[in-house]
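Asks: Listed in order, the protein sequences are those of chains W, H, G and L. Residue numbering for the first sequence is 0 to 346, as defined by numbering that gives the first Met the number 0. Residue numbering for the second sequence is 0 to 346, as defined by numbering that gives the first Met the number 0. Residue numbering for the third sequence is 0 to 346, as defined by numbering that gives the first Met the number 0. Residue numbering for the fourth sequence is 0 to 346, as defined by numbering that gives the first Met the number 0.
Incorrect hints may have been included.
Because identical chains share one entry, a pair is satisfied inside a single copy or across any pair of copies.
In silico DMTMM-like links for lysine to aspartate or glutamate, alpha-carbon gap of 20 Å or less [unchecked claim]:
1) K313 - D331
2) K313 - E118
3) K313 - E126
4) K48 - D192
Hint data in this document are derived by calculation from the structure and do not stem from the laboratory.
4 protein chains.
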Amino acid sequence: MICFNCDYTEGAHPKILERLLATNLEQTVGYGEDLYCEQARGLIRKACKAPKADVHFLVGGTQANFTVIRSALRPHQGVFSAAIGHINVHESGAIEATGHKVLSLPCGPEGKLTADQIEAAWLAHWEDATHEHQVQPKMVYISHPTENGALYTRKELTDLSEVCKTRGLFLFLDGARLGYGLSAPETDLSLPDLARLCDAFYLGGTKCGALFGEAVVLTHPQLQSDFRYLIKQSGGMLAKGRLLGLQFLTLMENNLYLEICGKANRQAKEIATACVEAGFPIYAPSPTNQQFFIFPNRVLSKLEEKYLFALWEKIDASHTAVRICTSWATTDQHVKALTQDIRGLRA
Amino acid sequence: MICFNCDYTEGAHPKILERLLATNLEQTVGYGEDLYCEQARGLIRKACKAPKADVHFLVGGTQANFTVIRSALRPHQGVFSAAIGHINVHESGAIEATGHKVLSLPCGPEGKLTADQIEAAWLAHWEDATHEHQVQPKMVYISHPTENGALYTRKELTDLSEVCKTRGLFLFLDGARLGYGLSAPETDLSLPDLARLCDAFYLGGTKCGALFGEAVVLTHPQLQSDFRYLIKQSGGMLAKGRLLGLQFLTLMENNLYLEICGKANRQAKEIATACVEAGFPIYAPSPTNQQFFIFPNRVLSKLEEKYLFALWEKIDASHTAVRICTSWATTDQHVKALTQDIRGLRA
Amino acid sequence: MICFNCDYTEGAHPKILERLLATNLEQTVGYGEDLYCEQARGLIRKACKAPKADVHFLVGGTQANFTVIRSALRPHQGVFSAAIGHINVHESGAIEATGHKVLSLPCGPEGKLTADQIEAAWLAHWEDATHEHQVQPKMVYISHPTENGALYTRKELTDLSEVCKTRGLFLFLDGARLGYGLSAPETDLSLPDLARLCDAFYLGGTKCGALFGEAVVLTHPQLQSDFRYLIKQSGGMLAKGRLLGLQFLTLMENNLYLEICGKANRQAKEIATACVEAGFPIYAPSPTNQQFFIFPNRVLSKLEEKYLFALWEKIDASHTAVRICTSWATTDQHVKALTQDIRGLRA
Amino acid sequence: MICFNCDYTEGAHPKILERLLATNLEQTVGYGEDLYCEQARGLIRKACKAPKADVHFLVGGTQANFTVIRSALRPHQGVFSAAIGHINVHESGAIEATGHKVLSLPCGPEGKLTADQIEAAWLAHWEDATHEHQVQPKMVYISHPTENGALYTRKELTDLSEVCKTRGLFLFLDGARLGYGLSAPETDLSLPDLARLCDAFYLGGTKCGALFGEAVVLTHPQLQSDFRYLIKQSGGMLAKGRLLGLQFLTLMENNLYLEICGKANRQAKEIATACVEAGFPIYAPSPTNQQFFIFPNRVLSKLEEKYLFALWEKIDASHTAVRICTSWATTDQHVKALTQDIRGLRA
């Protein structure tokens, strides 16, 4: 079986493993205070043009999400999320486990939130005479790319950022697949934009070529305070912290992060083109490494003899939406095989 | 101003105050282990025909809700609720504060959940390959009457109870206004039905004639274990516990609970009749003490010169849904004045 | 049996019940926003000479403790408490249930903390290279009177307050029995002192003549923010909030609070004098309504034929420390009987 | 500087890196459900002679501790720990953050708990009339080796296990350094003993030669239920789960785990012998890879010119206790240098 189901089926980009090997017997201090972490933090700050930002390395995405959120919110405060947001549906209630309600807002297939939505929801809270009996919104959580691969434009993110600043909300961007977002030709958003517009965000490693790891960037001074206590308490402080530093150092050097993600985007586009040309309808439009198409079940069964996809939604009795995913590790040979097979099957 | 905005604008039924006065200088043990509490528990068990049920007195509804829920669930489990359920929107995130997600399900204006909904939502969880990444449903929370005054039929509650038993879910009924539900002529549900069909429920005191207090009935043996620890930890164990026992003793004697709530239901019906006859549309149909009507704003402004209502929803630029509420304390004179004024205003 | 085991065996001071009766049929808004609450808040602010303080009425002490603490602390922060502090041993882990460690410090039989202890513990945290792996101290919790009836002097409380200010710690005083503390002739602390020296404290009602209720006074601006959300979420917002306002209004008028507690103190002193004269050793010295003496078990058995005490500690095989407690409701006749019996038994 | 401060200054045993390299481009399913994890689980079950045990791989020790504890306890329950236990002092309040009190019990320098202590503490809870106002003990947490390197004997662990079974307590053993414990010549405890006597325990990887990772073994059926939800919710479910499986597979094959830890124990013993012979007093006796000695500060300063130790406790103005730590990566050359220098310095 050839896996197109997700972007974490292989290990890590070979350069990362090389580096782990080369440094294996060095002795360093633990818990993220070693020189490799410091260097990686420096490169990230520089790439973000955010010299005052704090950068922390955490092991995984769920951990990054709940650690940032519980660090930022007081007990009566909640976080807005698109209905399909990862924190709302795919983290086993990790946010609620830290005491905070995820304030779900409706979204289209792209999975984006709009500034107008936030403004309206904020007003709905504060204009209600009984707002003290409700969860107070204090943060906006978005993913970029979204769960369904879509990207915010600079205009959209700027609008979100402005309503957040005006209304006293923190803006937190889940960048589990940020590399794919930043390297998409369609995007007009750069790392410095994110650092300027968001109060917190992260560069995902796990799904973008690392063995594991997410680099959390905290730009809002209030969110920087005591964050290492929170990491430790949340079980996210790796003893051999340099493993995270080394990985991000490798990814941030020589543009590797964007290069390998950009390659995956291009492969995804080839697959999407094949699907479109073969007449399969788009489930959710995406310029990044995740593509979402609706297949007749008989077509899908045929494809599933050779390929693994992620089943995304049962559309009706005879159609299913699937996610097709590429990554740094996807080979052109596999893409070629798949696109040929798709073209051969037609809608 | 004459208050029709809620059912907790006055103190307590005079018989309750009499009893508090009469027993004031008696010395009793604290924390709900006195004889009055024991007697009240006995009367409630008897009225429920549930000799093995545990009965606990808590101070308020939010407290009762989160204490029962956190006692019943493991950390990864959540509770189904209608979207308008009190725990989902009017308790400042109290359930989430104890670590559990409220699994919101859509509902109509009546605010009821159906057995089919629960079955479908349960299956959706367990049939999903990634269910371990989602909150596991383990309890169903309903209110009776609902937030909008509606009542479950015995058939509906039996169906809910059966799906819960089949699927291993606890069924928990919020009875903050249970007296109004049990005394409505339209209902075919009795206390023994509730005790038989639910794993936990409570008889509300605060909104049904007491100064404060809710009598939680736990019928499922698993929910009975160590519940007093949970009450204490949750801040719900009244030092002078007899205050709760004395109030429920008074309410349960001589049918007082149903008598005073039944009177309020009849008054509510008079008001509803006037609204209907005057041509104002029903917002949500209710056989109990809360009535929900849509008024043109100009009519509402006129009424608000004399009466206080609860604003329920802005329907459009010129119409508003309001809740009109009666209670044990509502006077016939006030009802007469309101119905006359409503009839005089017409839609 | 005559109860000397605690100060919450009776109902409420008769003037409180009179007031509840007199206002019973008035209609007021709920949730503590009525005029009686406002008046009571005004009297408390005035008595505290703290016009900018926020005053909130909560139902009980455990609730007051955890609501204040969880409102003040971030997730990685903890609260210092004497080892015998109520939050450390008698609230079923309510503080931990909100996510915070109680940082227990050793104390003598009086149950007091000292400024030097706090300074040393604070330094021990911050001077440890691994402090990020430990709970960060952020609050000091004391009770006044302490669990064992002792009182801080103005000098002691001033020193505590200073170290807290210097070290950025909140000072929170549990005043469940504050009336007894303020009315003790031995004290040099007044309500304005507490309001000036503490960031948060409360005037206990439950154990000082009310049916129930604690008046939380928040003087630190940071602690005032959004506190009503926290009360609601913590299950402490009484629907008929005026019940709390009316009780504190009554207690604060005409010096009733201090008068009735002062009477109980005098009765306790009579009992203590009898114990001392009869040769029974003091377990913990107290100038307030709780007295702690060590009785031979045979003496205790004899007394327990007529009187109920709280067993405090098993001292050895043949001696037990007990708490003897008076209250607003204790009659001189009962005190006379007890002192005579004690004198007749001798050590 | 030569690091003897801890056992996580290097990367991983070379065989682990080899394996990661060799499998890097294989495609596997995520979240610990791949074949390597399954094989590793099989080897661990076999080594434990516990075919029915559940084995889960988590990233780190704090995570393993709080995930097991919050999975096992109801909200009002707490966990006994030695005062110096890792969960009590070095996890930033992670256990309390999940709502549970760590019930600290006194311990000697070895850091062990005894069966008698547990029995006495259990009785103290249940014999207290107000036990419902206290945290209910439900679990015993021990470390093996302890924080200070000591080992339980089979007799001691059997006694603990028996009191736990009798009193309905879970016994949970933190094995962050278990490899060193199992490979110490002094021990009479084997993996099958642990699996038989404990309800949950883990084989530490992070400090025993892996890059990271702990293998949690759950033998009690009640603790096995739904544990994967808890891992996910707690942020401990690695997307590329095979990284954990591959590491434990490598460690469990050909006795590597015990072999590399045994080597470190022997090196630690050489260092200890040098310290004893040079006349430095033992701070806490240890047969494992951590050694604790008291040095005069002038000696320590001299040694610190070349070596890094962990400062453990300031003994007095001129003496300090330090931890000297070896690991799989410690070279004989470094040990030789250190022992020579120690012998040259004398007490």
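Asks: Of the hints given before, which are not true for this structure?
Replies: Hint 1 contradicted; others consistent.
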